[in-house]
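Residue numbers (the UniProt record's numbering), protein chains in the order written: chain E, 1 to 243; chain D, 1 to 243; chain X, 1 to 243; chain F, 1 to 243; chain C, 1 to 243; chain Z, 1 to 243.
I should point out that these hints are in silico values taken from the structure, not numbers from a laboratory. Treat each hint with caution, since some may be false.
All copies of an identical chain are treated as equivalent in the list; a pair is satisfied when it fits inside any one copy or across any two copies.
To be verified - For lysine-lysine, the following DSBU-like pairs were computed, each having C-alpha atoms within a straight-line distance of at most 30 Å: (1) K156 with K215; (2) K53 with K148; (3) K215 with K53; (4) K148 with K215; (5) K83 with K53; (6) K106 with K149; (7) K23 with K215; (8) K83 with K156; (9) K215 with K149.
Chain by chain, the residues run as shown.
There are 6 protein chains.
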Amino acid sequence: MTRIDGRTPEQLRPVTIHRGWSKHAEGSVLISCGDTRVLCTASVTEGVPRWRKGSGEGWVTAEYSMLPRATNTRGDRESVRGKIGGRTHEISRLIGRSLRAVIDYKALGENTIVLDCDVLQADGGTRTTAVTGAYVALADAIAWAQAKKLVKAGRKPLTGTVAAVSVGIVDGTPLLDLRYEEDVRAETDMNVVCTGDGRFVEVQGTAEAEPFDRKELNALLDLATGGCADLALLQRQALDTTL
Amino acid sequence: MTRIDGRTPEQLRPVTIHRGWSKHAEGSVLISCGDTRVLCTASVTEGVPRWRKGSGEGWVTAEYSMLPRATNTRGDRESVRGKIGGRTHEISRLIGRSLRAVIDYKALGENTIVLDCDVLQADGGTRTTAVTGAYVALADAIAWAQAKKLVKAGRKPLTGTVAAVSVGIVDGTPLLDLRYEEDVRAETDMNVVCTGDGRFVEVQGTAEAEPFDRKELNALLDLATGGCADLALLQRQALDTTL
Amino acid sequence: MTRIDGRTPEQLRPVTIHRGWSKHAEGSVLISCGDTRVLCTASVTEGVPRWRKGSGEGWVTAEYSMLPRATNTRGDRESVRGKIGGRTHEISRLIGRSLRAVIDYKALGENTIVLDCDVLQADGGTRTTAVTGAYVALADAIAWAQAKKLVKAGRKPLTGTVAAVSVGIVDGTPLLDLRYEEDVRAETDMNVVCTGDGRFVEVQGTAEAEPFDRKELNALLDLATGGCADLALLQRQALDTTL
Amino acid sequence: MTRIDGRTPEQLRPVTIHRGWSKHAEGSVLISCGDTRVLCTASVTEGVPRWRKGSGEGWVTAEYSMLPRATNTRGDRESVRGKIGGRTHEISRLIGRSLRAVIDYKALGENTIVLDCDVLQADGGTRTTAVTGAYVALADAIAWAQAKKLVKAGRKPLTGTVAAVSVGIVDGTPLLDLRYEEDVRAETDMNVVCTGDGRFVEVQGTAEAEPFDRKELNALLDLATGGCADLALLQRQALDTTL
Amino acid sequence: MTRIDGRTPEQLRPVTIHRGWSKHAEGSVLISCGDTRVLCTASVTEGVPRWRKGSGEGWVTAEYSMLPRATNTRGDRESVRGKIGGRTHEISRLIGRSLRAVIDYKALGENTIVLDCDVLQADGGTRTTAVTGAYVALADAIAWAQAKKLVKAGRKPLTGTVAAVSVGIVDGTPLLDLRYEEDVRAETDMNVVCTGDGRFVEVQGTAEAEPFDRKELNALLDLATGGCADLALLQRQALDTTL
Amino acid sequence: MTRIDGRTPEQLRPVTIHRGWSKHAEGSVLISCGDTRVLCTASVTEGVPRWRKGSGEGWVTAEYSMLPRATNTRGDRESVRGKIGGRTHEISRLIGRSLRAVIDYKALGENTIVLDCDVLQADGGTRTTAVTGAYVALADAIAWAQAKKLVKAGRKPLTGTVAAVSVGIVDGTPLLDLRYEEDVRAETDMNVVCTGDGRFVEVQGTAEAEPFDRKELNALLDLATGGCADLALLQRQALDTTL
């Protein structure tokens, strides 16, 4: 089995993580996984939503969106249509949950961090790329909040790292990190979010054509945990660089 | 470990499937799993959405909703708020995908079936109960369409059966079919949709508190496949009864 | 003149009033008038809308809705269309006004009761059935509030009872409690809401085809007051039963 | 009983009907009943809504609206709030039904007439004033359509005339044509739409405080039919004048 | 060059300014420039929007709208479409900015004035007519606020006067105050807002067909300043009259 | 007068024009003017909006948007708020008009080009930067359409070039190409769109504080025409480079 871009089944596409891409945001990352390109910005504000006030705990949330011409055919803007589609909602919620899995709300204190993930160019795996990039922007934003003393000295709001990857079965073969051409042909499609220590935050598998059996599920999970481990390494390298 | 209602970890709540509950719909089921009560109606119309016209293929879709006072505290109506929430979108899409997994579009012909799943009373597992009940309403609607000759003689639009159940880890113990009180305390929450032959259509696991490891994931998958097999049996019994 | 279901012109359809249908709501009634089936839930919350705060007076309001497949042909969900239709608004307002006619706001104190009337199956007279059922749910909710001491001891928020019925002229004959087949053929259509002592809360008559004269109006009002008196008796019987 | 403006209980406020107020519309009337001032324009277009195409029948509909500062306190614009309120919907529907009661759809042919009733100044009775004025604009628009041969020679789309008035019980006394100060104090409020030959098109009575009995209802109906007869005369006089 | 209505290129259409047209508003003007007719009402309320509270400064804003049949062809209501069009937003913002140019926020104190400009009949120049009329309504509203002591004694919230006019190049000739028939044929269209002392508040020129050069721009600016001076005189005359 | 970044009053910020930034769009440019960064994509589709069908003429339109954290403080997404703000509408319309000024609709044929201008980072002058960048993307898209034979051989849909710049008066000094810090302090703010031959397409001047006189207006127009000429040169250089 040869993949269209010559990768092996368990190989990621080339990944670049450009920190500090925006001058305004407290954390900002332009991440690319192959031709998928997502701008992730983290905005820190003091205070929390009303339902959380007085709890002493912080909040982290995310909003995902795609530029109209990020894709091969131009899509309508959701602002013009006047409502957010189900897919956008679903992905925004997934990103938020994934990041909150590595947040200690008490340590964060009553601060809110919003992650905006805007897909500038799409070629498969936009939601997983968004999670992976947003984590890095979040880490930078938290470092900023610590430097500004918004977070109390000695507190560590981040309890771990998180990254995500897509896997799928194409022509009967389990593959890591699907490009768009692979994604549309996949019989099964799965998005997996893992922490840096190899545990699962989200497992979302969907049979697009044929239902999948336990053995296939296991093969996909193996690929995904490997891919997430590779991404965790790239995140660490990016964050170790001085801005 | 004793559960609040005395069940064992791998035991479903009592299930009732009342077919033909509505006089207007081509298929209609009032399903209850414990205190969760969902009215599922299947509406058949000739023709398909514009993007599918002329394909010779049918379409199946679903809409999920909750009555304002299905829950312990009254929620605002989405019609009054003027937009559908992310959760509602996500669940409607899940139900639609689950049912389409057992549909042969060619055999269905250019007919559309809409499954409306309205939660009349909620006590955990509303989306999985909706899938399980909607399958039965769908089967009745297809039988109706066959009797009316909307489906060509000899064609079988249904390629299998589908049922769904929730599983979760509560206080470290994997449990089947969570009630609301268990659901809010679960560290990990998973919804699993299976076909009658035991394969997976959807696996959606989320770490609510702690990330989960591969062993826990396996335990949850074991519970879920067992629960879905039990539900498949109950669906068959319900459909074998003459209306 | 024989009616399609054999009733005399001044005869109601069979009515059933099932109290306590929902476990969460403070009052809940599944009412059926013939094949029209409405779930009425009453939700009590402490406090009142902002414009009424500090007045010492309570508030009662209602929301009416129809499930998409309550009718013979599936209708779009108002939540999906993103706005509530004129008919829904009009009926919600009618139900609210009807119930408020028997409420002593001072005695209720600063509590709010919302009546949700969801039509599960429609066969004519859904708005009048909703009023009749909602009154019973409201009575149960007020009893609950009294038991919980939300209402001061000795205060009686309910000043009377209220019920509603439709009447119309079909082929020149005035008829009580129209079924859908009768309703669509009616020349004149009237909804009447009466208190238990036979006075009017609402009279809404509309000439669908021919304008109607004073004599016809009088005949319709006679039928309606008779029908409301019958319904008041059934409400009393239902409320006299121990739950 | 003396009324604030010195009228007797059965006396209308001064009415002026200014035809041809707008240069663009096919029919246009600025009507005032006391200080209530409504601009009614009738717009004729060839063709009918999709659901009526090919029927050979026309359609008449209405839209009611109030300028933000028509009232004593400025109200938000419905265009700014992004949705039409229940009251506006209800009144638009009432006006449309009232006018359709005197339309012969076949004679109108496949033409649509939209009546826009915009309240420029409000002092009670805006919906009934709108009906009364809209009828005159409608008559002018139909005359225009006949002159333009949009309506076939010899066909009479108008089968009669229609006018409306409000009545109510204030301090126990039934009164005709309530001003705002009377309206807010009314125990019962009723809007009545009559044809020129004295029959009813709409009767909408609501107990604002106390339920009303049959005798009170009769007194109100007597007042209303008298008021509508007076208005019908004024409409005829206005239409008899050459523009 | 003869204009359709016989005017010279630098001549305004006949202008009438009817103050006190509405009984409810603190300031109200029905202004007509030729057949363009706009009702401008000014509503004064104590207090300011949240973002301005405690500043000691007031606020002035405007909303522009057109009745559906103000134009030759009926337009949809923005309230029915559920959103405000770009053109409406743009004009509302222009009117608000124009009036704020002659307001001393400190002198106004924490009061808000909303100008509603509703076009009852349109024949070109609706936005400029709205500015010119709204200024007069604003002046009356401020006088009212001064009389009511909402504005502190001796403070003058108005720092000058403001008026607006449209100019354009039609068939190569610069013209003042375009009617609709001229406007649609204009190669260049410009709206100019001037203070009474001849300075500019807004200059908005748009090439509808051919780009325009500096010389043409100068000719248009000359015409516009002349027209605004004429309008300023008419405003002064209107305000000098006792209401 | 020294500017914060050391520029002279008549000096542009550094401009970079990166063509072909996106792989999907027919034309795409990432343009930066100082720290203002806008992604402009041009999408070509065959066919035109309904109101233009059969005319043989094409259409060009634009949509402007800002990422939530393009600015110093995060703004709400318009898709989340459910409606597009007045400012966004106004700018989208300005960009569309500016580009259409250099389009020969007949030569374009029945094709539609949509320019999406998404501000990735904002530091003043986002709308003028969008116009300048969108022109380059438009030119590339037209070249693509010519190569694909969507445009007939020998036809030149582009009749010229167009660029835009902001000017303003800060502390009494007219300045070219304002940064955000200058913009917020400007007494007068003007956006000017010019064709490559130095004529005006749009002139939009607004007095933010003091009204401006004719002399100041002339000084601003001089600066703006100079700046647009510089930008036209940079556009030409960018387009002369082989992609």
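Status of the hints after comparison with the structure:
no.	hint	result
1	K156 with K215	between (39 Å within a copy, 29 Å between copies)
2	K53 with K148	both (21 Å within a copy, 29 Å between copies)
3	K215 with K53	neither (47 Å within a copy, 38 Å between copies)
4	K148 with K215	neither (50 Å within a copy, 41 Å between copies)
5	K83 with K53	both (28 Å within a copy, 26 Å between copies)
6	K106 with K149	within (15 Å within a copy, 38 Å between copies)
7	K23 with K215	neither (48 Å within a copy, 38 Å between copies)
8	K83 with K156	neither (37 Å within a copy, 38 Å between copies)
9	K215 with K149	neither (50 Å within a copy, 40 Å between copies)
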